[in-house]
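Model the placement of chain B on the given structure of chain A, informed by the hints.
Those sequence lines, one after another, are chains A and B. Residue 65 in our numbering sits at position 65 of the first sequence, with consecutive numbering throughout. Residue 36 in our numbering sits at position 36 of the second sequence, with consecutive numbering throughout.
Calculated directly from the structure, the hints in this document are not laboratory data. None of these values were measured; they are calculated from a predicted model. Ideal Cβ positions, reconstructed from N, Cα and C, are used throughout, including at glycine. Honestly, I wouldn't trust all of these hints.
[Said to hold, decoys possible] Beta-carbon label-pair distances, calculated as ranges: (1) B:T528 - A:N190: 31 to 39 Å; (2) A:E170 - B:I186: 57 to 65 Å; (3) B:E577 - A:K89: 48 to 56 Å; (4) B:A328 - A:K176: 40 to 48 Å; (5) B:G446 - A:K176: 17 to 25 Å; (6) B:E324 - A:K30: 26 to 34 Å; (7) B:A321 - A:Y156: 23 to 31 Å.
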Amino acid sequence: MDTVNIMIVGVGGQGSLLASKLLGHVVMTKGYDVKVSEVHGMSQRGGSVVTYVRFGDKVYSPVIDKGEADYIISFEVLEAARYLPFLKKGGKVIVNAQEIDPMPVITGAAQYPENLLDKMTAAGADVSAMDALSLANEAGSPKAANIALMGRFSKYFGDITEEEWLNSLEACVPPKFLELNKKAFYLGRNS
Amino acid sequence: MKEIMLGNKAFARGLYEAGAAVVSSYPGTPSTEVTEEAAKYDEIYCEWAPNEKVAMEVAFGASLAGKRSFCGMKHVGLNVAADPLFTISYTGVNGGMIICVADDPGMHSSQNEQDSRHYAIASKVPMLEPSNSRESLEFAKLAYDLSEKYDTPVIIKMCTRVAHSQSIVETSERVVPEPKKYEKNIAKYVMMPGNAIKRHPIVEQRTLDLIKYAEETPINRIEEGKDNSVGIITSSTCYQYTKEAVGDKYPVLKLGMVNPLPVEKIKNFAKTVKQVIVIEELDPVIETHCKNIGVDVKGKELFSLLGEFSQSVVAKALGEAEKEACPAIEGLPVRPPVMCAGCPHRGLFYTLSKHKIRVLGDIGCYTLGAVAPLSATDMTLCMGASISSLHGFNKAMGDASEKDTVCVIGDSTFMHSGMTSLANIAYNQSNSTVIILDNSITGMTGHQQNPTTGYNIKGDPAGKIDLEALCRAMGFNRVAVVDPYDLAQTEKVIKEELAADEASVIISRRPCALLKYVKHKPSLHVDTDKCRSCRACMKIGCPAISFKDGKAHVDNTLCVGCGVCQQLCKFDALVDEGGNV
Numbered sequence: 001m002d003t004v005n006i007m008i009v010g011v012g013g014q015g016s017l018l019a020s021k022l023l024g025h026v027v028m029t030k031g032y033d034v035k036v037s038e039v040h041g042m043s044q045r046g047g048s049v050v051t052y053v054r055f056g057d058k059v060y061s062p063v064i065d066k067g068e069a070d071y072i073i074s075f076e077v078l079e080a081a082r083y084l085p086f087l088k089k090g091g092k093v094i095v096n097a098q099e100i101d102p103m104p105v106i107t108g109a110a111q112y113p114e115n116l117l118d119k120m121t122a123a124g125a126d127v128s129a130m131d132a133l134s135l136a137n138e139a140g141s142p143k144a145a146n147i148a149l150m151g152r153f154s155k156y157f158g159d160i161t162e163e164e165w166l167n168s169l170e171a172c173v174p175p176k177f178l179e180l181n182k183k184a185f186y187l188g189r190n191s
Numbered sequence: 001m002k003e004i005m006l007g008n009k010a011f012a013r014g015l016y017e018a019g020a021a022v023v024s025s026y027p028g029t030p031s032t033e034v035t036e037e038a039a040k041y042d043e044i045y046c047e048w049a050p051n052e053k054v055a056m057e058v059a060f061g062a063s064l065a066g067k068r069s070f071c072g073m074k075h076v077g078l079n080v081a082a083d084p085l086f087t088i089s090y091t092g093v094n095g096g097m098i099i100c101v102a103d104d105p106g107m108h109s110s111q112n113e114q115d116s117r118h119y120a121i122a123s124k125v126p127m128l129e130p131s132n133s134r135e136s137l138e139f140a141k142l143a144y145d146l147s148e149k150y151d152t153p154v155i156i157k158m159c160t161r162v163a164h165s166q167s168i169v170e171t172s173e174r175v176v177p178e179p180k181k182y183e184k185n186i187a188k189y190v191m192m193p194g195n196a197i198k199r200h201p202i203v204e205q206r207t208l209d210l211i212k213y214a215e216e217t218p219i220n221r222i223e224e225g226k227d228n229s230v231g232i233i234t235s236s237t238c239y240q241y242t243k244e245a246v247g248d249k250y251p252v253l254k255l256g257m258v259n260p261l262p263v264e265k266i267k268n269f270a271k272t273v274k275q276v277i278v279i280e281e282l283d284p285v286i287e288t289h290c291k292n293i294g295v296d297v298k299g300k301e302l303f304s305l306l307g308e309f310s311q312s313v314v315a316k317a318l319g320e321a322e323k324e325a326c327p328a329i330e331g332l333p334v335r336p337p338v339m340c341a342g343c344p345h346r347g348l349f350y351t352l353s354k355h356k357i358r359v360l361g362d363i364g365c366y367t368l369g370a371v372a373p374l375s376a377t378d379m380t381l382c383m384g385a386s387i388s389s390l391h392g393f394n395k396a397m398g399d400a401s402e403k404d405t406v407c408v409i410g411d412s413t414f415m416h417s418g419m420t421s422l423a424n425i426a427y428n429q430s431n432s433t434v435i436i437l438d439n440s441i442t443g444m445t446g447h448q449q450n451p452t453t454g455y456n457i458k459g460d461p462a463g464k465i466d467l468e469a470l471c472r473a474m475g476f477n478r479v480a481v482v483d484p485y486d487l488a489q490t491e492k493v494i495k496e497e498l499a500a501d502e503a504s505v506i507i508s509r510r511p512c513a514l515l516k517y518v519k520h521k522p523s524l525h526v527d528t529d530k531c532r533s534c535r536a537c538m539k540i541g542c543p544a545i546s547f548k549d550g551k552a553h554v555d556n557t558l559c560v561g562c563g564v565c566q567q568l569c570k571f572d573a574l575v576d577e578g579g580n581v
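Extracted from the complex, chain B is given alone in its bound form:
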């Protein structure tokens, strides 16, 4: 059947059609929907794991047991899962195993734009790179066959524009292969030195075998062109930009497999054209390979190392004419992302900002605590870094930082990699104040369950980790819970815990305002007779509050009646439906 499908959904469809049995992932834009869509098929066991390392090891276990498995993550997630990756490369698989990594060139929703192809090279694992939804589906099926044939995990690299664009796919029925038999095999699966030494040459031979495959496979294909003065080597979304920019003007070598890369195919292609140009986003991976095998190419001298490309970027580099556009209107204010109206993080960040407390931050919606007017956050690095960095900061500064520095970390991020950092504070004893922002969901990636929410990926009841009990079990005597909608209580507890002479954990607990089960109060409005235009209510950066005709104004389509602004108004001008404060 022909359907229009998101790249990630098509990937999930490919997993389904190929008989995938076990899926374990950690959400991360732009990879999340592969797993969310896979979870809609009852035939596949799917779960959200606490982090990517766990997810990859779960997928490995399922493969070891003989079933086809999958784990998905964003590019920075593969950093977390790099440890198992490098050794699964040695053990190989039993049932087929696919690792999805989704890069985010242009950083639409990420803290860096690392190029995941380096991981495929470094771990010596094959990597396929689809360029649209149809290939996302087909490559998922192909990857399982390659995984089982070559005894290797296979990485499929997505990027934002393939993961999050819809195009037309042809679907077919699910075919479940006979599960592989599990047999104990110490030499293959127990990676202690004596065994691993014997596995390494097998890995090197596998790469040679895969290079042979790369020479022959139809997913590395040459498309004829009219003008042989230039030949283009490209892959993924850059292939689409190239075809959009120049059509069939120049011959193109379109690579569907980006590790290992073919040698003879590239050399033979180069012989048919005067100049080879490599078009690839981020790092010069294909370009470097070409130069290493003695093929003279142009790449990064024409194209940037930064951000996303487009058809215009390619057209310009190839000397094509630019298109005439409407001129820009100057002086337009920017519209950055903001914390939503009613966001429970707002009251907490307002309190921290008000008292000029240093805030070491983490990854999630609450990264937006760094945005004006709250501008509360001092540092954001990677998942879990808030807690460990606070410990280091306090060890370095001692008394000079302990009383006015905190860290903030979300519930899901805490489960991901905050727990081990907290164990370090408990063990190595810094007087640190850790704030867990428990909004009962993984927010930024679009509401995924996690080990603290009590529900699984399908929304069914599941195990629920008790944060307070966990912190106490680690040895924290001071564990406080606050409601961030209550500014007075939040302020009092933060002051108390910073003043305390031992480490403490504050759990700022209030579910995300966008959760369907959260009941909102009616919108507030401004009693313009009482409003003195002092702008105190504007200090919290709520998108529902603006200034109209010299007075505060509440947008009733956005306001959820959280009441944080009411606590800032000294003139009782923010009132509910009944005119009450």
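Looking at chain A on its own, in the form it has when it is part of the complex:
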């Protein structure tokens, strides 16, 4: 199988590490070779963050380059737009419709851009937006938005069963948060 390239992007602190851990785990249990590349340190402090997940028969590079991503999973609208040049023509963007102002917007030095979803579609992306934050709140905590988003993403991989996703969720999440995350996953998957 050709390597599948997935970028998980967002704002530092939104939980992209758990999302990538879950994805890496589930594709490994399916027998694929997999690499996940994370960012730690200064970039985590509320800055733009990106995690790469790549799986297939044999994966060498841990990073994804411009024009290579099959999917961009974004926790925030502006961040989805920022990484659009990494998406293949016709690649899929699954985006949480939340907008978080970056510091230049907060200070008034810049405006939060308008109509980004339309602009991404016009640029050739297949955009699917969802309100992951509301689903996470429904599940019991806004922090579970990452897993709600992964629930939606899980629908695109027919050969990974719901049970396999849930087994990996159990392996990646501390027991006391498992029920909350399961609920968020279902809400995302069925949205």
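This is chain B only, laid out in the frame that chain A set:
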């Protein structure tokens, strides 16, 4: 067992499986998790040392005692530990000793992108360079064997993309070797001139022996290719980019050991191809070696000296087609890292910025005090430089700077290398005002304990250094403590200490807002009837405060109720749950 593992975690697993007994490190991105993960094994003694020099000397001591030891650091940490490194090269080891150095090409979280391979060459110490998690684990085990066989410390060089990417590893059981017996050996371990002169030729012979090893070892391997017009010599993550870009098109000499480099293996490889291309990030180390041994190669004429590479960078240099991508959307605002909502540094930097006080900064989360809108910091260099530079600045400018210049340094950085700088102020007497930002943790690297926190790496109670007592013992009569959430008190004390005619230390004390034990107040919100849109609350650069529909707005998922913004609002518009100011 097969597992998906972070490179750093796999490294720690390798240490565990090889029977490592003592680990001492100072945290630094991207090296930190090797030690954090090693600390999860009860069989290994692990600690955070105050700095990298201390850590390396602790690891040396454990090796001297006959056990397998480890110290880990980031690239700039090896500058601090360079002193013991160059002489441990002479003494050699007793139990195996591994030094991990993690480079950060691209500077994801660093102040420079120096290439640590130069240290291996300069100190004449062997260096292995894994290219994924599996090799991180295997090389850790191999390095102990090499260390003991060749009587040398061994450096394992990680980089961000190996340290912080996960890939699949096979784990096995821990095997603890018989500890080496400690025997007093003055000629080997007491490095005074007469002894060191006799050790130096042993070091040179060791390098010759290691070159022989480099010729034979399977970690320097040739992979066949279909097209011999080009042959590639590479290592680390560049090997992965090369294979991703061109697969098995060209033959590849993949180097797992980057110091010393083989000679015959490279010459023989070069004979089988028309043109050798060296692919390496940062400096032309392998390229220079090839040219020195008379092998004609192309390297930095095709590849940059700057930043990280990727498969596209390699593909482009090798003449492969570029991929079609979605076009960029123009005019997107950047999203730089910021101090967190509730960060105790914010109130302090706001006060310094408000009074246009010069700030000589240091390394940590508070480096973000340089970011707009606070833009408070004038200088950031390296660990501990804030205090010593302030002393130099004041000695140079005298009265013209003493009353309006301070330095800021975090608690962990102060323990790392601020204390000696403070001793210089106490001794050579400049009228300097030093601010220690005590947030009770090492923040930027992800919450490691340090000698001021009272806890060790496992979170158990440990010794706790009293900062006030320490400063007084050095001879500072003026030591003040402020709560940076209290802007009026912070401003008053800073003014007083700058005005004083002797040196002083201000400890700005408030635990990091992200610490689990810190209890947050409920989020504030804006009473839009009272908000006059003056934007005073925006001056502190809090990510929880934005402007929506012409009024200030508080994001209740971020706000921790620290109350700093309330102190700036003249109209009492920022209120708590009960509508109170």
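We went through each hint and held it up to the structure:
no.	hint	in the structure
1	B:T528 - A:N190: 31 to 39 Å	holds (37 Å)
2	A:E170 - B:I186: 57 to 65 Å	holds (59 Å)
3	B:E577 - A:K89: 48 to 56 Å	holds (50 Å)
4	B:A328 - A:K176: 40 to 48 Å	holds (42 Å)
5	B:G446 - A:K176: 17 to 25 Å	holds (22 Å)
6	B:E324 - A:K30: 26 to 34 Å	holds (29 Å)
7	B:A321 - A:Y156: 23 to 31 Å	holds (28 Å)
Consistency with the previously given hints is maintained throughout, with no hint failing.
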